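Engineer: Sequence:
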Amino acid sequence: MSGINDSEIQCECGMHFSGKFCPNCGRKREESSNFTCSCGYTGSVSNFCPNCGLMYLGIKSNASNIARTEEEKAALLQHGWRSREGDFQLAIKGTELSARILSSSGNVDLRIKTTYLPSNDLRYTAVYNKPHPDEEFRVYADRAMIPDKDGITYCSIMKIWYGSGTLHADLLMSEDRSESTVDLEIDDSIVIPDPEPFCGWTCPKCGSRFETDSKCSRCGADIEHFVLFALSEYVSCNPPRSRAIRVYRFDDTKLILEDGEFRRFIPASVLEPAYDIIKEYKIDKWEEYKTLSGVMGGSQSVSYWDGNALVGTSTDYMSGAGGAYYALSGLFTGARLQDN
1 MSGINDSEIQ CECGMHFSGK FCPNCGRKRE ESSNFTCSCG YTGSVSNFCP
51 NCGLMYLGIK SNASNIARTE EEKAALLQHG WRSREGDFQL AIKGTELSAR
101 ILSSSGNVDL RIKTTYLPSN DLRYTAVYNK PHPDEEFRVY ADRAMIPDKD
151 GITYCSIMKI WYGSGTLHAD LLMSEDRSES TVDLEIDDSI VIPDPEPFCG
201 WTCPKCGSRF ETDSKCSRCG ADIEHFVLFA LSEYVSCNPP RSRAIRVYRF
251 DDTKLILEDG EFRRFIPASV LEPAYDIIKE YKIDKWEEYK TLSGVMGGSQ
301 SVSYWDGNAL VGTSTDYMSG AGGAYYALSG LFTGARLQDN
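As numbered in our numbering, residues 1 to 340 make up the sequence shown, in order.
FYI, nobody ran anything at the bench for these hints, they're computed from the structure. Where hints are given, some of them may not hold.
[Said to hold, decoys possible] List time: in silico SDA-like cross-link candidates among lysine to any residue, alpha-carbon distance up to 25 Å:
id	residue 1	residue 2
1	K285	A221
2	K285	S269
3	K254	P193
4	K205	I192
5	K73	A221
6	K279	A221
7	K130	K205
8	K73	I192
9	K113	E85
10	K254	E288
11	K285	E233
Just so you know, these numbers come straight off a predicted model, no measurement behind them.
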């Protein structure tokens, strides 16, 4: 068979056609083992172009027909979106993305505000992150986790994708690790309020609660953020992953846990076992190891308030810092106020 144009071929019997079978002799259309995408990539046929992620539908012209510029893709997203069941909302304005989950009873109202990132690579390793047959293009939430009132991840938006003329979201539920695809429809009446802080400092001057900066948003007074523990980790995977955890003093019964961008209160009772971990892994002996720079090649660090200053070490100096990091991060992130 010889090619006539991008969508039509000529059969050996002489008939021109664009379907799978020749209407004259019934011969099946033979596709080349290679295809050329609109982005310029040429290679073996697969469901999606490995360079730009564009879907390949078996006929060369189909791939180019659904090719869109980044501006066209962004324009398609600029709406309010609602799931057909009505419990999931999404709003995209510019590169800003807001998401909201509502329960039918009104007992759940979870919100995030972040940006979205176009990507040619699968960012998360979930089953529903695999390409869908009708997926035209996809974007990812820069901050995918939607927290509950305690700052614990309720679910994650694994992927937002456009296909069949509308938008869809792939969700991963944290409690049972179940995955689902939510089909969305345009509803420009949706306005998603910014998420309210679940945790923050109290201004010592005017009493404003849930302040998140070092200066009060109401009166401008300085607010002390007193660090008791600081943990960090860097993992050189692809893509690289980093995490930072801090524990701040709040009052006699509560501490503030800051895990990345999320904050929540935890009971002050975790301090005693936390300092026990410091002693167990000999982090309090950090000065004895500070000359061994780089011998461990590690990627975790632990700092703590020793009564006079914030001191600590990392796996660059002490192998025990890795064990202390995981023990402390598990202790702090697993703590709940009701445990106090």
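Engineer: Check the structure against each numbered hint from earlier and tell me which ones fail, lowest number first.
Structural biologist: 1, 3, 4, 5, 6, 7, 10
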